[in-house]
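Enquirer: Counting from 1, position 317 in the sequence shown corresponds to residue 317 in UniProt numbering; the numbering is continuous, with no gaps.
These are calculated hints, taken from the structure and not from any lab test. Some clues are possibly wrong.
Derived DEER-like restraints, expressed as beta-carbon distance ranges [what the hints assert, rightly or not]:
hint : residue 1 : residue 2 : range
1    : E310      : T89       : 41 to 51 angstroms
2    : S183      : V408      : 17 to 27 angstroms
3    : S385      : S221      : 54 to 64 angstroms
4    : T376      : S187      : 53 to 63 angstroms
5    : E349      : S41       : 45 to 55 angstroms
6    : S401      : P306      : 50 to 60 angstroms
7    : G352      : S187      : 23 to 33 angstroms
No more than 25 angstroms apart at the CA atoms, straight line, and that leaves these computed lysine to aspartate or glutamate pairs for DMTMM-like [to be verified]:
hint : residue 1 : residue 2
8    : K358      : D63
9    : K207      : D304
10   : K206      : D186
11   : K301      : D43
12   : K85       : D232
13   : K347      : E310
14   : K44       : D330
15   : K347      : D410
16   : K301      : D63
17   : K206      : E285
18   : K87       : E285
19   : K318      : D330
20   : K280      : E42
21   : K93       : E119
22   : K163      : E119
Don't be surprised by glycine CBs; every beta carbon is placed ideally from N, CA and C.
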Amino acid sequence: MAVQKVFPLSCTVQHYAWGKMGSSSEVARLLASSDPQAQISEDKPYAELWMGSHPRGDAKILDNHISQKTLGQWISENQDCLGSKVKETFNGKLPFLFKVLSVETALSIQAHPNKELAEKLHLQAPQHYPDANHKPEMAIALTSFQGLCGFRPIEEIVTFLTKVPEFQFLIGDNAAAQLKQSSSSDSQSAASALQSCFSHLMKSEKKVVVEQLNLLVKRISQQVAAGNNMEDIYGELLLQLHQQYPGDIGCFAIYFLNLLTLKPGEAMFLEANVPHAYLKGDCVECMACSDNTVRAGLTPKFIDVPTLCEMLSYIPSKDRLFLPTRSQEDPYLSIYDPPVPDFTVMKIEVPGSITEYKVLEVDSASILLVVQGRVTASSATAQTSIPLQRGGVLFIGANESVSLKLTVPDDLLMFRACCLL
Numbered sequence: 001m002a003v004q005k006v007f008p009l010s011c012t013v014q015h016y017a018w019g020k021m022g023s024s025s026e027v028a029r030l031l032a033s034s035d036p037q038a039q040i041s042e043d044k045p046y047a048e049l050w051m052g053s054h055p056r057g058d059a060k061i062l063d064n065h066i067s068q069k070t071l072g073q074w075i076s077e078n079q080d081c082l083g084s085k086v087k088e089t090f091n092g093k094l095p096f097l098f099k100v101l102s103v104e105t106a107l108s109i110q111a112h113p114n115k116e117l118a119e120k121l122h123l124q125a126p127q128h129y130p131d132a133n134h135k136p137e138m139a140i141a142l143t144s145f146q147g148l149c150g151f152r153p154i155e156e157i158v159t160f161l162t163k164v165p166e167f168q169f170l171i172g173d174n175a176a177a178q179l180k181q182s183s184s185s186d187s188q189s190a191a192s193a194l195q196s197c198f199s200h201l202m203k204s205e206k207k208v209v210v211e212q213l214n215l216l217v218k219r220i221s222q223q224v225a226a227g228n229n230m231e232d233i234y235g236e237l238l239l240q241l242h243q244q245y246p247g248d249i250g251c252f253a254i255y256f257l258n259l260l261t262l263k264p265g266e267a268m269f270l271e272a273n274v275p276h277a278y279l280k281g282d283c284v285e286c287m288a289c290s291d292n293t294v295r296a297g298l299t300p301k302f303i304d305v306p307t308l309c310e311m312l313s314y315i316p317s318k319d320r321l322f323l324p325t326r327s328q329e330d331p332y333l334s335i336y337d338p339p340v341p342d343f344t345v346m347k348i349e350v351p352g353s354i355t356e357y358k359v360l361e362v363d364s365a366s367i368l369l370v371v372q373g374r375v376t377a378s379s380a381t382a383q384t385s386i387p388l389q390r391g392g393v394l395f396i397g398a399n400e401s402v403s404l405k406l407t408v409p410d411d412l413l414m415f416r417a418c419c420l421l
């Protein structure tokens, strides 16, 4: 009998403290919609939904005809279903982890090492760096989604040095002067001036950081109380971050990094060594399978300051939006194809007036998430058709053709992660 290569998954939820609480979380709402048995606790954060075969959150297979219990087990016994190139390139493993995130309080400011550095860090300090892989990632907004991403243009940072004396104090007059001069010079000296400023900030003494932050918070609070608008120095955001992480060095990072607010469907791509932090909202995220993170602030966790300051990409840039391309062959398909081999994400928007939709065959295993709408999925190898509704997750083996019948005349919104080598 042919191996069944298309089946629904039940996915792991991570209850990290920064997640949105109970049913205010998109993760919880997707879970409740897909599984009527699921009990949502309103006093618990629902931070991430993991769709994949990562050992810390291996998806369960929802099909009694299949002997393997989890996706990871199934893939290890059916490696050809990854697709021939994927199997070969990624040693018989699924190369990506697909997620939904619901962010209530800021995640730590962080960067992920490239392959070469990851291998080195993993050898030196496996307790902090659990594997030897790089971790590029992409976030696509489901609701309005706010994050910090990459260094701002130099002139913006210089403006903040002028307007925020507490920020200038921590960086020191020499480094600040060097940065001001560098805005007119070549990119190499601008990068080294930027590195010098950022390193000065990150290496400040904790006591001094707390003092300066308290001064700034007090100044902004007084101005806001007096009815003055402090948005030119992101007053509201600073107070918010300080409330979440009192005395944390990361509060000052908003003056170094671009603040992005993504509208639904807009994306940011975070390549190796780009500093970033998710601040608030819901998104789908896809990443290479790794847990390597070098933290820089807004965190109670270990901060490896020397590694961080050394590895970051000090390239100032304004434009951090990552744009999808429209598919040539499928009018309902947008493709977010980042410049890394590990993953590609597709957004599929089918109007409710269409009765049947054929999912593009690709030479890669893929994972499909239904965000809106209801369908029944059928494929040549599936014994019965598979009903999917909001929150439903479907695994599709390489080169499988899947047909979706819309069971209600509502618009369909789905995201699909795969590996297009």
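Enquirer: Are the hints correct? Go through all of them and say.
Expert: Okay, the hints, checked on the actual structure:
Between E310 and T89 the C-beta distance comes to about 29 angstroms, which lies outside the given range of 41 to 51 angstroms. Between S183 and V408 the C-beta distance comes to about 56 angstroms, which lies outside the given range of 17 to 27 angstroms. In this structure the hint that S385 and S221 lie 54 to 64 angstroms apart at CB holds, the actual value being about 59 angstroms. Remark: the range hint 53 to 63 angstroms for T376 to S187 is upheld by a beta-carbon distance near 54 angstroms.
The hinted window of 45 to 55 angstroms between E349 and S41 is violated, with their beta carbons roughly 32 angstroms apart. Taken as a hint, the range 50 to 60 angstroms holds for the pair S401 and P306, whose Cβ atoms sit roughly 52 angstroms apart. Range check, G352 to S187: about 50 angstroms between beta-carbon atoms, so the 23 to 33 angstroms window is missed. Under the criterion of a C-alpha separation no larger than 25 angstroms, the hint pairing K358 with D63 is consistent with the structure, at around 22 angstroms.
Note on K207 and D304: the hinted pairing holds, with a Cα-Cα distance of about 18 angstroms set against a maximum of 25 angstroms. Between K206 and D186 the alpha-carbon distance is near 33 angstroms, which puts this suggested pair outside the 25 angstroms criterion. Under the criterion of a C-alpha separation no larger than 25 angstroms, the hint pairing K301 with D43 is consistent with the structure, at around 24 angstroms. Distance hint between K85 and D232 is unfulfilled; the C-alpha atoms sit about 50 angstroms from each other, more than 25 angstroms.
For the proposed pair K347 and E310, the alpha carbon gap of about 36 angstroms is over 25 angstroms, so the pair is violated. Distance check on the hinted pair: K44 and D330 sit about 40 angstroms apart at the alpha-carbon level, beyond 25 angstroms; violated. This hinted pair checks out: K347 and D410 have alpha carbons roughly 17 angstroms apart, not beyond 25 angstroms. With a C-alpha separation of about 39 angstroms, the suggested pairing of K301 with D63 is violated against the 25 angstroms cut-off.
A distance of roughly 33 angstroms separates the Cα atoms of K206 and E285; the hinted pair therefore is violated under the 25 angstroms criterion. Restraint check for K87 and E285: satisfied, since their Cα atoms lie roughly 22 angstroms apart, inside the 25 angstroms limit. For the hint pairing K318 with D330, the CA-to-CA distance comes to about 32 angstroms; that exceeds 25 angstroms, so the pair is violated. For the given pair, K280 sits about 19 angstroms from E42 by alpha-carbon distance, which is consistent with the 25 angstroms threshold.
At roughly 18 angstroms between alpha-carbon atoms, K93 and E119 fall within 25 angstroms of each other, so this suggested pair holds. Restraint check: the Cα-Cα separation between K163 and E119 comes to about 41 angstroms, which exceeds 25 angstroms; the hinted pair is violated.
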